[in-house]
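Chains as they are written, first to last, in the numbering used here: chain D, 1 to 113; chain G, 1 to 111.
A couple of the hints might just be wrong.
To be verified - Simulated restraints on C-beta separations:
1) G:E55 / D:S96: 22 to 28 Å
2) G:T96 / D:G63: 22 to 28 Å
3) G:V44 / D:S67: 25 to 31 Å
Derived by calculation from the structure, the hints in this document are not laboratory data. Note that beta-carbon positions come from the ideal geometry of N, C-alpha and C, so glycine has one too.
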Amino acid sequence: DVKVTQSSRYLVKRTGEKVFLECVQDMDHENMFWYRQDPGLGLRLIYFSYDVKMKEKGDIPEGYSVSREKKERFSLILESASTNQTSMYLCASSYSEFRYEQYFGPGTRLTVT
Amino acid sequence: SQQGEEDPQALSIQEGENATMNCSYKTSINNLQWYRQNSGRGLVHLILIRSNEREKHSGRLRVTLDTSKKSSSLLITASRAADTASYFCATGLKGTDKLIFGTGTRLQVFP
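Assemble the whole structure, with the sequences as input and the hints as a guide.
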């Protein structure tokens, strides 16, 4: 079975802190994704990576950056956390070629105070 | 930009009844997928239907796709309390591996 793991289930950070969210997948998937989920808004794509060191902005990239140095690992970075970044963050991975389902991690609930 | 819109937003039924959820989308798609999310957890893929397919079954799940109306439905037959979750449709656009998710339907199945 595909396994996607995220570094923390719950995280509390202070405004202005630099925050790292880590995601690791074990199925040699080319694609990895970071979403945030907020009530009433569904899942919104922050960033997408289709290969090592390759990335593409999603719908809401402002305030975030990403890093993919190895195929299995995709990191989301909040350079200076703000209270409006309090949310559930979900990582996912998939094979490429426009026809595959995404596999999700358990999510990280981030609170910025 | 939200591609998929689910209807209804919330649905409550008794065990044994069928549950139907609908999804509408705006642009041409490569495929449409349905996911399930238990409270506070990640999403789990349920079923994928390609743009050239009209109906697909998987166990108690039946998905239909009408590309002329840009809509899909998910039917869960003989529901169980364990089916209580949020259900999301996601559209796969042509030429990209990205998915666009809707806002979801919250299903509550009472024993």
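Right, here's what the structure says about each hint:
{"no.": "1", "hint": "G:E55 / D:S96: 22 to 28 Å", "verdict": "holds (27 Å)"}
{"no.": "2", "hint": "G:T96 / D:G63: 22 to 28 Å", "verdict": "holds (23 Å)"}
{"no.": "3", "hint": "G:V44 / D:S67: 25 to 31 Å", "verdict": "holds (27 Å)"}
Violated hints for the displayed structure: none, as all numbered hints are satisfied.
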